[in-house]
Structures are given as structure tokens and as C-alpha cells.
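Trainee: In order, the protein sequence lines correspond to chains A, B and C.
Residues 1 to 465 in our numbering are what the first sequence lists, from first letter to last.
Residues 1 to 231 in our numbering are what the second sequence lists, from first letter to last.
Residues 1 to 180 in our numbering are what the third sequence lists, from first letter to last.
A portion of the hints provided could be inaccurate.
Unchecked claim - Each computed SDA-like pair below joins lysine to any residue, with the alpha-carbon atoms no more than 20 Å apart:
hint	chain 1	residue 1	chain 2	residue 2
1	C	Lys103	C	Arg73
2	C	Lys139	B	Gln139
3	C	Lys139	B	Ala196
4	C	Lys139	B	Glu132
5	C	Lys139	B	His191
6	C	Lys25	C	Val58
What the hints contain is simulated information worked out from the structure, not anything from laboratory work.
If you want the building blocks of each chain, they are given just below.
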Amino acid sequence: MRADLRLAWLLTRGSDRREWWRAALTALGAALATGIGLVIAVLVPMDGQYRLSIAETHGANQVLIGPGLLDEPGTRDGVIIALMLLLLPVLGFLGQCARVGAVHRDRRLAALRLAGATPAQVRRIAALESGLACLAGSAVTTVFAVLFLLRVWHHPDALAWAGMAQVAVLVPVAGAVVSALSLRRVVASPLGWIRRTRPTRGPGRVFRVATGLLAVPAVLLAVSTVNGDPFGLPLAGFALGPLTVFGLCLLVGATAVSLAGWSSRRLGTALAARTRNPAVLIAAERLSDDPWAAARTHAAVLLVTVVGTGFVGVRQALIAEVNAVHAHHSAMDVSYYRTGADLAGAAVLVSFLIVLAALAVGTAESLATRRRGLAAQTAAGVPRAVLGRALLLETALPLLPGVAVAGAGGMMIGVWYASLAADRTVVPYPALLVPLAVYGCCLLAAATSLPLLRRSVRPAELRYA
Amino acid sequence: MSNGDSAVPLLAARDLTKTHGMTRALRGASVELGAGEILAVTGTSGSGKSTLLHCLAGIVRPDAGVVTYAGQRLDQLPEKRLSELRRSDFGVVFQFGQLIPELTALDNVALPLMLAGTPRGDARARAGAWLERFGVRGQGELRPGEMSGGQAQRTALARALVTGPRVVFADEPTGALDSLATEQVMTALAHTAREAGTAVLLVTHDDQVAAYADREVRLADGAVAVAGVTA
Amino acid sequence: MIGMSTRHILLGLLASGPSHGYDLKRRHDERFPQARPLAYGQVYTTLQRLVRDGLAEVEGTGADGGPERTTYRSTEDGARELAHWAGEIAPPAPFVTNEIFAKVVVSILSGGDAEAYLRAQRAAHMERMRELTAVKTAKGADLATVLSADYALNHLDADLRWMTTTAARLTTLTAEVDAA
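Looking at chain A on its own, in the form it has when it is part of the complex (with noise of 0.2 Å):
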């Protein structure tokens, strides 16, 4: 173990600036998740009424954690369920850093094994690295975390201290433990994986996975019709409300995957067929010769598309309503539930922000595997333009219909949840800006990765094999 861990330092140190890369967004990832897994780890212990405030301070931060929100169990329960829903686009990001430099580590590791290292070895050493990543990452917003907490909270809860500790300690066991599992397949060969440019494969593990998870509180459910209440329970009620939302997701994810992949191929089989434009015909052979890598990050844009069409128009229902209802009341209780929608919407915000850092990244890191080929393009005279708008146009295109059918779905929610509250159908126009406002902001991540591409196609690329 000591001798795989000095080579994973040596490794690490010796690496080029892509490997660093790879452990500072993995790193930042893994702070990311720390940081939403800290708060539910204290929330979750928390039963019954708190006041929470921050006295001391100056009223900004008295705002923003908010009039009461986190007071009442019932509310506490939302915000965690909307913390877990956070989650998923961190391990989305999470997922796109691990292949920054992928073919590269892939190489690396391959190299190793025929060095004489065991796969074990191999893929010891790279959990190592990868843990070593998250560790850095965790231990950073722990730090935070505490001091933070120990302001907020004059005498913290020892649940939420173990919770706490745990997060701590699972987020980097869990990144070395799936590194070394997505490593499977690379270390079982000497020679490694030749052919750089293998498909990727559908979602049907995640689909595994989300039907797992849904089948927690189904057996619990089952177990309550012979047992009586399962809420009675604390951990039967995490099961059946967070745990089954989080499941929902993820299986509305990788359906959402499922069907980006698919329109993916089609779209890119048929303009291929068609197409009269260069820049057109290079991005929809990309496409149609694997789909599901454009599909994968395009999924948490989808999913994020419907999320925040339908909470537009839910948040704009909800606060008719409410000042409607209350006309009467005092401004706090408005506050209140505007805060609530306004913290709502800001997590959407975020876990949008974070999908947009996944789709940069994952464009990134498409031209960096491709740069040899891109330079070589170049010299032959394929102007850069084409290879730019090629680039864009493999976002552009399987996101089109993605994001018009997401906001079609977020829009029903938003109408249907409008007209349950008003009695009538009202259609929340506002929700409309959301699918364009997200398309626009895909093209320009991707767009971020164009100076890039004048760097990838310098004829020193030529150089390298």
C-alpha cells in the first residue's frame, strides 16, 4: 500500500497539466458535494421547532436563511429534498471531470500494467489519486463547515457532528471506490483501450440503479399495509420522501438520456445523409457515431429545463396566490413563502450553473482528445471557422429538440399546477424565456471552449502521436 501510494504521488506530481486539471475540478466537484451533504447530514437529526439565526451578524445573512425556513420540520423537509436534488448535477459534474484526460490516464494506467503491475495495483493507485482528489475537496468545505456551524449553532446536535463526520469521510471513499470501479475494464489489458474514440454506452446502469432505489420505499410500502404507519419510523419517512424523489429523478434522467441518445443518433444519421455543409456533416457523423456522449451532459440540461420551466411557473402561481390570499396578512408571511420560492429558485439556478460547468467541461475535454486530428484538419486547409462551428453545432443540434420538448414538459407542470390554484387554466408565460434562456446558455459554454480550439489546431500538435 505504501508503494502504491508514493506512486500515485509520483504519478500525480510528474503528470502534465490535464491530469492537474482533472483533481483540481475533481477536487472542486467533491467540495461541492461535501458542502450539500454537511447541510442534510445536520438537518436530517434536527426534530421539532429551532430558531435559527445568526444573531451577531448584519441582517444580509439573516435573509438569506430566510424567515423561518429551516424552523418547521415540514419546510426542513423540502429544502432537504431540494439539497439532494442538488446533488444530482454534482454528480454529474463529478462524472464529466473523471473523463478530462481520460484517454490520457487510460494510456497511463495501460502503460503500468505493462510495467508488470497487477490490476489490483493499478487500481489501487488510481483510487489513490482520484481519493486523494476528493480528500482535498472534502476536507476543504469541512473546515468551512465547522466553523460556520459552530457560529450558526451554539451547541450543535452530536448527531449532526457524526453525520457531519461521516460526509466528511464518504465523500472521498466513495470517489476512490467508483474511480476504481469505472476503471474495470481499462486495467484488465495490458495494451489498454487502442481505439480512442470507443462509443460510450447507454445509461442502462443508471436506470439499475434508480429502479434499486425506488424499490426501497415500494418494500416499504408493502411492509406498512402488514405493519401499520411507516412514517412512524424517522428513517422510513427519509425513504419514502427524499429518497423516492431522488429516485424519480434519477430515473426521469436517464430516461431523459434514453431519449437524447436516441433523438441523437436519429438526427444524426438523418442530417448526415442530407446535409450539403461541411461544419454540418462532420458534427452529425460525431453524433450519430456516439451519441450517448452528447446525450449524457445533455440530459442534466434537459432535466434542469424542465425543473426550471415548471418551478417559473409554479413560483409565479404561487405568489399570485399568495398575495391574493393574504392580501390581509402581514408582509412576513409573504416574505416567507417568497423566500421559500426565491431559495427554491436559486438551487435551480445553481444545479443549472453546475450543468453548465459539466457541458464546458465536457466540450473541453472532447477537443483536447481530439487535437492531433483537429491540427491535422487544419493544415489541410479545413478552415478553423468549420472545425468551430462543427463544435458548436454537435451541442446545437441533439439540445434543439431536447430543450423544446423539456420546456413543453415544464410548461404543463407550470400550467397544470397554476390551474389547480386558480381554479382555471393560466398559462405562466414568463416559464417560456426558460427553455431559450437555457439553450442560449448551452451554446455559449460550449462556445467557452472555442479559444481552446485555437490552441488544439497550432501545427506543434502535428508533433505528438
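We have chain A already, so just place chains B and C on it with the hints.
Mentor: Same frame as chain A, now just chains B and C:
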């Protein structure tokens, strides 16, 4: 060099210097390529062969020295014009990597024509004719990863020649091939170039490949060590 | 084609049927393109030796209106000898005699410019390789031509590679030769 004075060369480099980071790849290399001539640039690895080719093809700019193509200074042209020139007048073949892995062989060959504005159907028809000529017609719908090395290189050759360039730049075009595939690729290149009057700048470390050329220039340490014999 | 036996080649050509001297020469030159052409005198003396050794015999003499021609055919002994020879492996480089290396050493010993010699020799080799490449890539070149050209090309290529390595080690070689 002995017959280079009588006619103006199509492509010429004088006293080229180029530094990559700390290493001087070229130090005062001069070379001339006549219209329709096949010139081999040989030398050990690190002698500056590829850098010379990159400078002559307008892919990189030399730090010092002059490159002229058909009477115009290549080293001073803006990138946009260079890119156009590479598309219209030049063809390139590398050891590998010049084919887009996701495109079929046919689309890969048709791509330069499409970039020049030829409708896709015409472009594919002309591409097919070139593939047929190089004996890879049947593999037209395969992607580069599904072809043998020799087939992929003959496809790359078709792509380099499909626009009817005046100069083809070939950088170790057979570097990854066995001797039989090497012979097929080189015979195809030499035949076509001679028939069409296309000049070829052939960078190779393999003397058997260099023997396909009319003339040889040998580089050592970034400068011409032996200017070749003319028949 | 060092050490190649004209006897056996003629025996081989006779194996496909009786033939006269001029015809054998023509068929030899056809079958082994780029080889040194056989002199008619050499064909004649070789045939006489084959007859003397009982490997071939005179079939008859005809004139066909032209000059008188003797037709030869292979004997059973000849066929046996041919089979034996064809199955025998060629000794791989039994003697390492090398004119180029000898010239390099002599030019070091006599204070000449070994490097210039190697350069000139290299150019000559390349020129010959270009000729052979032109022969084999010419339109309508048959496989026998291609293969025999390849044989020579590969040997020339091996020489070239050896010359390149030697040129790179001339300083060390000079020191060694001068010291001895």
C-alpha cells in the same frame, strides 16, 4: 539543384530558421521544388524534416528566411489566405490523423470539395472515382478506424489529390505501414503525381521510399547536408 | 547474384523441354530481368560442361534455313541434380567481403576523405534505387520484374542503412584504424 537555375521553381525556401522552444529545428535550410517534381527530404529523426515541410506548406511560419510559392511570399501571407491556399493548391498526407474518424472514407475524400462549395452529390461522385483509382472503392462507406493502415493512407492520398493540387506534401506517409502497403501507397502517389504533373514534397526517413522521388535532399541538424543527385 | 550457378539455371530452363542455346539465353534474360545478361559464349560452354557431366545431352541438330543449331535436353541425372540444388538452402553470407567497407578503411589508412566517399557512394546507391523503382513502378511491369527489382532494392537499402550508421561512427572508426 543543378537544373534548378534554368526555370523558376514552383516552391522555394531560402535560409529558413525555426526554433521550437529550446531546440533549433531549422538552421538555414534552403530547398527548391520544381513544378511536377517529386522531391524527397530525408534525414535522421530530429534533423528538421517535418519542420521544413510545415514551413513550405505554410502550416508554420519560419522565424527567419523566405518561402516563395508561384512567385508570392508564403511567409508573409495572412493566415486566412494561407488556409485558402492549402485548400486549393496544396494537399497534405501525414503518417496518420488527417482523416476525420467519424466520417466515412467517401465523405472524408469529398470534404475538401465540399469546403470549396461543390454540391455533396458531385463531391461524393468525384471522391468515389479517386477511391476507385486507389483501389479502395469497396471500402468507401467504412470509417478510417475500420480500414487497414494501407487503405486509410490511400484514402488520405485520395483526399489530398481530389482538389487537383499543384503540390502534395507528404510527411512520412508510409511511416506506419508494412512494406507491401508502402509500395502500394507510394506507387499510387508517384503514378498520380507524374500523370497530373503534381509536385510532391516527400518527407521520409526510409531510403526505399525516397527512391520514388526524382531528387533527394538530405537534412542534418536543420540544414541541407547533401543536395541530391539529378539524373 | 553472387554465387548463382548458371549451370543450374540452364538445367532449370531445360526442365520445361528441349531447347537450343540462343533460345535458352533469351528465356534466361526474360525470366530474370535486371540480372546480368548471359553472354552467348557462356551459355555454349556451360551447355558443353553439362553434356560432359552427363546432366544434359544433345537432342539433335537442325538448321531451319538459318545457322546450324544444336538442341539440348536434360537427362535423368540432370533432373536429380536440379532437384537437389533447388532444395538446398543458400548459405547465408558465408564470407563477409564488402567492397564499400574495404574502401572506407583504405581511405582512412591513406589519409583520404572517407566521409566524402560514403556520401558519393550513397548518392550512387540512391540513383540506382531510383532507376529500379522506376522499373518496378512502370506501367505494365510484371510481378517477376517487380520482385527482382525489390530484391535489389532491399539489398541497396541495407547497404544505405549500413553506410548511414558507418558515417555516423567514422570518428571512432578512424581512431581505431589509426591506433592499430
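Trainee: So, for every hint listed, does it hold in this structure?
Mentor: So, going through the hints one by one against the coordinates:
Note on lysine 103 of chain C and arginine 73 of chain C: the hinted pairing is violated, with a Cα-Cα distance of about 45 Å set against a maximum of 20 Å. For the hint linking lysine 139 of chain C to glutamine 139 of chain B, the alpha-carbon distance of about 25 Å lies beyond 20 Å, and the restraint is violated. About 15 Å separates the Cα atoms of lysine 139 of chain C and alanine 196 of chain B, which keeps this hinted pair within 20 Å; it holds. Only pairs whose Cα atoms come within 20 Å are accepted, and lysine 139 of chain C paired with glutamate 132 of chain B is accepted, the gap being roughly 18 Å.
Of the supplied pair hints, the one linking lysine 139 of chain C and histidine 191 of chain B holds, its CA atoms being roughly 9 Å apart against a limit of 20 Å. Taking the CA atoms of lysine 25 of chain C and valine 58 of chain C, the gap is near 17 Å; set against the 20 Å cutoff, the hint holds.
Of the numbered hints stated above, those contradicted by the structure are hints 1, 2, listed in ascending order.
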